[in-house]
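S.K.: Here is how the chains run, residue by residue.
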Amino acid sequence: MSGFNKVVSSYEAALAGLQDGMTIISGGFGLCGIPENLIKEIKSKGTKNLTVISNNCGTTHDGLGILLIDKQIKKMVASYVGENAHFAAQMMSGELDVELTPQGTLAEKIRAGGAGIPAFYTATGYGTAVAEGKEVKAYDGRHYILEESIKGDFAIVKAWKADPYGNLIFRKTARNFNPLAATAGKITVVEVEEIVALGELDPDQIHTPGIYVNRVIQGTFEKTIEQRTTRPSATSSI
Amino acid sequence: MALSREQLAQRVAQELKDGYYVNLGIGIPTLVANYVPNGIEVMLQSENGLLGMGQFPTEDEIDADLINAGKQTVTMVTGASIFDSAASFAMIRGGHVDLTVLGAFEVDVNGNIASYMIPGKLIKGMGGAMDLVAGADNIIVTMTHASKHGVSKLLANCTLPLTGKACIKKVLTDLAFIEIKDGKFHLLERAPGVSIEEIVKLTDGELEVPEHVPEMSF
Numbered sequence: 001m002s003g004f005n006k007v008v009s010s011y012e013a014a015l016a017g018l019q020d021g022m023t024i025i026s027g028g029f030g031l032c033g034i035p036e037n038l039i040k041e042i043k044s045k046g047t048k049n050l051t052v053i054s055n056n057c058g059t060t061h062d063g064l065g066i067l068l069i070d071k072q073i074k075k076m077v078a079s080y081v082g083e084n085a086h087f088a089a090q091m092m093s094g095e096l097d098v099e100l101t102p103q104g105t106l107a108e109k110i111r112a113g114g115a116g117i118p119a120f121y122t123a124t125g126y127g128t129a130v131a132e133g134k135e136v137k138a139y140d141g142r143h144y145i146l147e148e149s150i151k152g153d154f155a156i157v158k159a160w161k162a163d164p165y166g167n168l169i170f171r172k173t174a175r176n177f178n179p180l181a182a183t184a185g186k187i188t189v190v191e192v193e194e195i196v197a198l199g200e201l202d203p204d205q206i207h208t209p210g211i212y213v214n215r216v217i218q219g220t221f222e223k224t225i226e227q228r229t230t231r232p233s234a235t236s237s238i
Numbered sequence: 001m002a003l004s005r006e007q008l009a010q011r012v013a014q015e016l017k018d019g020y021y022v023n024l025g026i027g028i029p030t031l032v033a034n035y036v037p038n039g040i041e042v043m044l045q046s047e048n049g050l051l052g053m054g055q056f057p058t059e060d061e062i063d064a065d066l067i068n069a070g071k072q073t074v075t076m077v078t079g080a081s082i083f084d085s086a087a088s089f090a091m092i093r094g095g096h097v098d099l100t101v102l103g104a105f106e107v108d109v110n111g112n113i114a115s116y117m118i119p120g121k122l123i124k125g126m127g128g129a130m131d132l133v134a135g136a137d138n139i140i141v142t143m144t145h146a147s148k149h150g151v152s153k154l155l156a157n158c159t160l161p162l163t164g165k166a167c168i169k170k171v172l173t174d175l176a177f178i179e180i181k182d183g184k185f186h187l188l189e190r191a192p193g194v195s196i197e198e199i200v201k202l203t204d205g206e207l208e209v210p211e212h213v214p215e216m217s218f
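Those protein sequence lines, which keep their order, are chains A and B. Residue 26 in our numbering sits at position 26 of the first sequence, with consecutive numbering throughout. Residue 22 in our numbering sits at position 22 of the second sequence, with consecutive numbering throughout.
Bear in mind the hints are in silico, worked out from the structure with no lab data behind them. Keep in mind it's a predicted model, so treat the numbers as computed, not measured. A virtual CB, placed ideally from N, CA and C, is assigned to each residue, including glycine. Possibly wrong hints are sitting among the right ones.
FRET-style restraints, in silico, Cβ to Cβ [claimed, not checked]:
1) B:Pro37 - A:Lys71: 51 to 59 Å
2) A:Gly46 - B:Lys169: 49 to 57 Å
3) A:Glu222 - B:Glu6: 30 to 38 Å
4) A:Gly46 - B:Ser4: 47 to 55 Å
Just need the whole structure built from these sequences, with the hints factored in.
M.R.: As structure tokens, this is what we get:
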């Protein structure tokens, strides 16, 4: 690496420095826009006792779910954790600590973490189990709870295109938590479908500026679909 | 007769107004998209970061990068926009979504809603439901009025863990359309052929019944 060139050529190099007990923030919603090869690298590296922050924990065979097979995750912070048999089993047996967090609160915790804001008030979860032990404050007669922001030792991100400086563009709903995760890692690693030449991305169209990104790697993706729903091609109505 | 899933969706669709931005939850709420009245435009928000959700794709149109909050493959309408999850929930929490429709296990006379967790059963999480009920002013809950065994889901106090406190004002069940205010349920409409007695019997929380309760029309 030299100057602002963030490109690395192996997944091993992409995750160099990742150690047992670290916190990882991962982009993705369901299996859409997940950094699938970085997750596979974590699996083959065998890193353990991880705290993982991600909206979901993949499925039994895909995404972050594969890290449960060898019990690499100690704690999971997520909004929705269905679709995974290992997850349920390890949660029930107490091997896996789970912190369920409302989706919008989770997004804002990561955004705030990356933006240097330690905590924020939100009405979400007031009067529910989510509010237990949290400070409550009223503004204009409405109650809000104090939620603390999140930072990761590593953030793992999937983008569509990057330039060598780590400027990123995401594609469709594969964006989801990825731009937020990118801001909140001490080391942010991004895997992309295509690394384009410097100057090829229009500065006006960049979703994540390269300042947040430490390493970029080009990968190939399976992009597993969770719910394949279609309409017949002949009709035009829903 | 109790309303079918399709009729529930049809009745909710009557509440849509031209120019509404609408978030539809998973299940029956999703069906509402099939009954948007002619001559009005609504834009569907999917909390994973899409405003302007279209119909399901044809086999040729399937794109793994384009899904809805139920993780189903979808399309985009002309004029759609894409954004990250923080921006999506800024829209929701900030009260910019005109109507939210979601399901529930229980609601009570104080507008509390329980929809995400049954203790002792598998816990899957609240997803975006807590943010949706906290952020939206105009929410319609769609649910069955009572369990198969005749146990009311419209209660004096929710028994399951809450998704939100004092946030629900309108509930459409398979038997009735109900408003919640002043610590009571108020019967607005009944499903065609369903008697007031039956609704009263299956409503556990206090129910205010006006002199005339119109039948829903489709």
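S.K.: Which of the numbered hints above does this structure break?
M.R.: none
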